[in-house]
Structure formats: C-alpha cells, structure tokens
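Going down the list, the protein sequences come from chains A and B.
Sequential numbering of the first sequence, starting at 1, is according to the working numbering.
Sequential numbering of the second sequence, starting at 1001, is according to the working numbering.
Honestly, the hints are just simulated from the structure, not real lab data.
Incorrect hints may have been included.
Said to hold, decoys possible - Calculated pairs, SDA-like style, for lysine to any residue (alpha carbon to alpha carbon, straight line, at most 20 Å):
(1) B:K1036 / B:R1050
(2) B:K1036 / B:L1455
(3) B:K1198 / B:I1134
(4) B:K1036 / A:P217
(5) B:K1036 / A:I231
(6) B:K1036 / A:H233
(7) B:K1036 / A:D234
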Amino acid sequence: MSRSAGQLRARAEAATAALPALMLSAERLAAALVPGAHGQRRAGTGEDFWQYRPATTGDTARSIDWRRSARSDAQFVRDREAQVAQSAAIWISAAAGMDYAGSAERQTKRDRAELLALSLTMALLSGGERVALAGQPPRPGRLQADRIAETLVTRPTLDRDDDAPPVEALRPGQRVILFDDFLGDPQPVLDYLARASGLGVQGVLMQVLDPNEEAFPWRGAVLFRSASGAIGHDTRDAAGLRSAYLARLAERRETLSQAARTAGWHFGTHDTGAAPAQALLWLWSVLEG
Amino acid sequence: MLLLGPLGFLTPWILIGLAALPVLWLILRAMPPTPKLVRFPGTRLLLGLRDPHPVARHTPWWLLLLRVLAIGALILGAAGPVWKPSPEGAGQGPLLIVMDAGWAAAPDWPQRQARVLRALSRAEAEGQPAAMLIADGRAEGALPFQPAGELAGPLRALRPAAWETRYPPDPEAALAAAPSGLSVLWLSDGLDHPDQAKWLAALTARGNVTVVPPEGPRRALELVPGDQPALRLRTTASGADAPDVLAIGVDPQGTPRELARLSPADPVAEDGVTTRLVPITLPSELRNRITRFEVEGNASAGAVVLADDSLRRRKVALIGDDRASEGQRLLSPLHYLRRALAPTTDLIEGGLGDVLLATPDVIVLADQPGLGEAPALRDWVEQGGLLIRFVGPRMAASERLSDEPLLPVRLRAGGRDVGGALAWGEPRGIEPFAPDGPFAGLEVPGDATVRAQLLAEPAPDLASRTIARLTDGTPLVTRASLGQGQLVLFHTTANAEWSNLAISGLFVEMLDRLVRSARVNRPAAPETDQAEQPFWTPELVLDGFGRVTEAEASAPVAAADFARGPAPGAPAGLYRGGERLKALNAGGPIRPANWHGARIERGTETPGLALRGWLIALAAALFALDALGSAWLARGRQRALA
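Required output: the full structure, derived from the provided sequences and hints.
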C-alpha cells in the first residue's frame, strides 16, 4: 500500500469526522478538553490568581502587591497558580509484525495504529494540547499534526520482531500512549511501565491486533514463521493449537493489564476488523479520566 | 493370451496388479497434505506447544478417483490388451514348426525364438505334440513329434547358421512320422530358397500353414570380382535410403576398428530386390588393412564380406629396358606386363634402387641380366618378396648366365630356338597345368605356343621346381624359394618375340595367380607348403550373426565343396589353401519368398487392435489432470489462508 503523509492525514480526518458527534454527545469531555492549560494547584507562572502570601526575603519590590499590602501592615506578594499545558507522547511500535494484515481487505496493524495515533493527535491538538511522538519535543498547533503524519509515514519498519518504547524519552507529567501488538517479548514493556510509574507518568497501552491473531483460524499442517522469520513453529494440526494459543494470548493480556493497573495506566485492545472510532472513543475517555 | 469377451490380454498376469488398487486408495487417502507456510506475528506465543493429535487431511475424492483410474489404466495397458484378437495359429492340431535357420534369419533371431516359444507354450497348454524342423541343412530323417515342452530347451540353444537356409530335399520322408491335421508355423527368413515351394505344397496338404514373415528387410553383401573391386548390397527393402557399409580392419596401432565408411550408389530395383553397388574407393595402403566389410546395423553372416587375397592390391614394380621409342612400343616387354598387371595392381616403375624404397610386394625383371647381383634385391627377396623374372635376348647373350644369381634354376647358356625360321621343329604348345600347382585350373589355349626359350641345366630338383612346362617337358616357368620369398622365372620373353604367350589371356591369368600368391603382410613364419592344395583349411569362421568364432573345431573343406559356397560343414569364413587365403562369404543373390496358399501373420505381434498405446496415453492424460487438480487445490488453499 502506498503511504504518504497526505493520505494518512486525509484518512485520519475521515476517522475523526465521526468524532465531533462523539464530542458533542460527551459535553463534559469536550468542555474539559478545550482549556488546554491545566492548573497545577500550586504557585507558579500562570494567569489565574492563586494566593496572597507575605513577602519574604528575596522577593523583589516589583513583585509586591501594593493594593493588598496597603490594607495591612505587612507586605504581600500576589502568587498566580502555576499553569502548564498538557503534553502527550505517542509511540507506535515499528516491529516487523506490525506490518501484518490477515487479509487483503484489512489494514495492517501499523496502518491502523498510525490512523488512531494521528486521529488522537488531531483531537488533542485541536484541544490546545501539545503532542509529539515519543522522543521529540511536544508542540501545539495544527501544523504539528502534519509533522507527526510526515514522521509516521517516512519511518521505516524494523526487521526485528520486537520494538520497545524509549525509556529515556519519559518526562514527568507526560501522558504516554503506546500502540503495539504486544506479541513480542513483554519484559521491556513491563520495565517501561515500572519506570513510568516512578516518574509519575501516566498513559495508555493500546494493543492493536488482527482478527486472525485473535481467532487463530488455521487448520491442518502449517509452518508458522514470525514476521521477520526469526522464530518458527511447525505443526501438523494447527486447529488443535487454537485453544492453547488463545489461552496464552489471554494470559499475555492479563499480564499487561495487571502491570498497567499497578502503574496507574490503562490497557485497551483494538481489533483491526472493528471500526477505528470505537478505539478512539475509548482512548479519549481514558485520557480524559 | 487371456480372453475376456472381445478383449484379449497378451500378458494377463500383470492384471493381478489391479488387486492392489484398493490398497492404493487407502494409501493415497492417508497421504499427509503438504504443509502451508504462514507468516504470523503471534508465532512467539506458539513456541513450545505440542500438537495434540496430528490429523491427516483427506485428499478430495475426485482427485483420488483420478489417480486410481490413471494407475488402473497403466496396469491394463501394461497387460497388453487387444480388442478382438484374431485367433492365434490356425488349427488345434499337432504343431510343426519350420524354422528358417540360415544367415538371413539372424538379425531378428531373438524375436523368432520368442514367437516359437509362445507357440510351444500354447501347444503344451493344449497337450498337443510338436516337432521342429530346423532348416539349416543338417536335419535328417523323419521329424520326431514329442511333447511341446521338450522343444523349448533345444530351441533356446539354437543359433542361426552361417550359410543359406536349406530344407531337407524330400519333404515326404521328413514328414513320415507326422500325424494328420497339422498346424504349421513357418518362421520364414523372407527369402526364397531351393525346395521351399515343394515343402510348402507338402505342408499345405497336411494342415494349415501360418507363415511368420521377418521383421524388417533382409540384406546381403557380396564382393564383385573385377579389376576395380566393389561390393554389391542387395536388400529386400524398397526404400531409398540404404545403410552404409563399414570397412573394418586393423589400424597402424594394431587395434581392429572401423577404417572407412562406404556409401552405396544408386539403387536398381528388380523382382522385389534392390541392388546397390558399393565401390571400394580407398587407397591401397588402407585397403590392404581391411579384414572385413559389413553392413551397418545388420547382424548377419550374409551382410559380412571377409577380405581375402583377391581384395588386396599388390604393389608391383616393373624393371626393364624401356628405352624403345614410341614406334616400337609393341616390342617392349614392359608394355605387355603393364597391360596385364595394371588393372589389378598398383604399378611402380623405375630403377632398382627407387623401386625398393617403395617396398613393393612383387618385382618383375624383364630380361635384366646382372641386376640379380644387387645385395639389396637379395635381401628384399629373403624378407618375403616375390621376384618374377623373364628371360630374353640379352640374358641369352650374357656370358655369365650360368653364374647369374637370383634364379630358381641354373640356366644353360645360349637359347633354344624351336620354332624359328632356321629350326626344324614346330613351336611348342604348353602342357596343361598340374592340378597341384599355382596355375591349377587355368585353361591352356591351344594356340599359345613358344618359339624360343632358355633351358635349365639338368638338376635333381628341376622337376620339383617346374610349375609349368611345354609339351616336350622342358620348363616354361620355374620357381624356388629364397628365404621367406620366392623366385619365379619365365623361360621365355614377356613380349611376343619368343612366344605368343604374352598376347594370350593365359598370360594375364598366370601373372594374376603369381601376384596373388605374393605375401602382402609378410608373416614371420616361413611358409611350409608351396603347392596348391586340394583342401582348404578354415582360419576364421563366422557364425550366423556374422561374428567371428573359433575355427579350430572345423575340419578342412574339400576344394570341390568349397567351390559350391557356404554349406553345412563349410561355414562362411576365411580359408587357407597353401599360400592363398580365400574368403567364403555367405551373402549372394537373394530373392523374396513367395507364399501361396499360406496364411501370413502380420508381424510377430498378434493382430487385432492393440489398446496398449491408447491406455497408456489415457493414463498420461489422467496424470496431467491430476497434476492440474493438485496445483489448483494447493493454490486455492494458499489463497484462503495467505
């Protein structure tokens, strides 16, 4: 499938086209999103009044609120509530397995993850948030959506089966959204979650799977190879493996879900056979809550 | 042959294979399908899982049916089915097999044996007695009828003979023990032979005759005598293309191999026989090496011509006084020698020294006294050369004639003039040749006379050295051996001066005999017997297939029998009689056989519509369909799961 930033953006806009109704129906969510700047409930740089406090040594004369000080003997300094815009970091796995699509009619998992990510980006940006791909400086504004789309499209696929989110890109106060199939080695993800919870970073794990990976429809003799070909498993009776595979998949989800709960994160799954709006709505609600 | 309604099977036991079809069905059903290769990102989750119960996927029933049908068709085809086979043989009576066993039967001998074995096994199954007439000229007495099974052994050991097919001359005597109602199977070699019509009539009177014609044409190769040797290839085939004739001989390294390949000339068809001349256009050095000619791809004694003395061209050196001018050519002795020898030999002329360098087989000295003193010439004779000398006026005038070396007898000085103008006597005629000499059998013309000659000194061995004499008993030609070679002296001139012998045909024949007796490949062993023998001893004998067999067991052949060609007791081969080596070749004129009143079997295969080819083609088509179907299945499966 030919990929270009313009196409991705057009499709993301088509996907978000369903969103306004969504947002309208969820008035609270929309209203909360619109301000963009989030009070930090402490004194700092901002626009809203926070408190008057007695001036201490070191306060400059310019910072003294003379009108309030005139009403008493002490000098008071007018503090404002510290305000900082919410920033979101989005990461999409570039592992080879993400390029998988179970049938020609379906999108690959990577396409779907990029679509979700860009839709989310555009919604966040239109809400005044600052958004970036993990490891890049978050910026506000509509142009940022174009930049992110450009980056997503030109990013090459790895020829490995595993891709881990960059731990060093974690910043306190960020919201992190990870898109992956989480079918590779789970340990890097678990480490990442532990580190993130240590930094107070919250976020979402979004598992994007193909219907084939959820249903395991094969029968008879099959030689399974991972996307990069590094791992293989040969079977004479694929149908007989189905229950064992589904059990392992459920176990994997349970592990991730447990780890996410412990870290204060959310874990969601998405099926490329389903409509993207469903996942978008869930992401929206989770990020809001 | 097994008959099922209108369908007959040549080899019915193969049909047992059909019983294996149900087993094959089960095996084909249980065949595991080929695994598919699937790219699956979730493979890591599968690691270490065990197959709970491997299940073979069933091949679709129509594919199975296709395969089983194809294999069934193969088995049926291999069993040799024939639609409405014509009944084999004619009657059910006692079986008489007439087996042509001459050289013409050799090329397809195994097929003939197989055909007869089939008939014998059928007769054995029916309990009929059988007899076999082997027409190689050695059958004698009445044919014994015995159980058919007992004939199989002798039949397998039977080999074709290296002579023409011969039938016993009296069919009535041979068939004395034959019961009535005979069923005759005649394995013909396709050629007509003496007594064949007589036998056919006798057999037709006693039963019905089925003739099995040979497969393919018969070919015979024959040497055409003449000045320019050639081969004559006769064949019963009417086609335009003929096989080449291979000239086989010993190469300079001593290895027998094909030396040349001769192509036949344009064919001449006559009475069903196509005759082609094969000229032997080879240099004499190469031709002298040839030991045999054979028709390519025809294993038969009749297609082999063994080379003997007659084929080899001798190199003859002529030394004489040739200074006579053009007007006196008829007076030169060399002129007559040249005319007599040129057609059959390669002539060399020149001085003695030049001539010896060319290593001739024969040197002819015409009236050359004194030349005999050359030591080189004596060496050459001692190493096996043949020196023929003619006397003449110069020798007669020589003072040292009695000391002249290299003469078989000592000559008396001064000639003898018996028919001249100043003599009393009449010119002498030539006495008929002794039957044991080198000129045995040559006819002496009555008008050949000798007017003058040189006489030999009387000596005890003069009579034994004389091989031709005049009517008064004086020697005309004397001969003596020297070392491995021989000296021959004509006591008269080589021109018409002293005798009109030189202008008679006898002169040519005598020289031809002498030159032929010259050795071409000089053997190391000295020759033991120099006289013409009444017996020919086989040196090398061919079998019916044209292969060389050991000649030790063969007895010498009387000259009279030898002249009649190959026969029982005188198989084709190479025979030695004294100094001469003569080939007895089986090939000769051939005439296609003519069968009246006999049923002719078309080919050795049983007639009827043979279904073998069709069934095998059907099987091939079914296999192709099967391949297509399998490919389609595999493709469909891949598409569904890709």
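Going through the hints against the structure:
| no. | hint | verdict |
| --- | --- | --- |
| 1 | B:K1036 / B:R1050 | holds, 18 Å |
| 2 | B:K1036 / B:L1455 | violated, 111 Å |
| 3 | B:K1198 / B:I1134 | holds, 16 Å |
| 4 | B:K1036 / A:P217 | holds, 13 Å |
| 5 | B:K1036 / A:I231 | holds, 16 Å |
| 6 | B:K1036 / A:H233 | holds, 12 Å |
| 7 | B:K1036 / A:D234 | holds, 10 Å |
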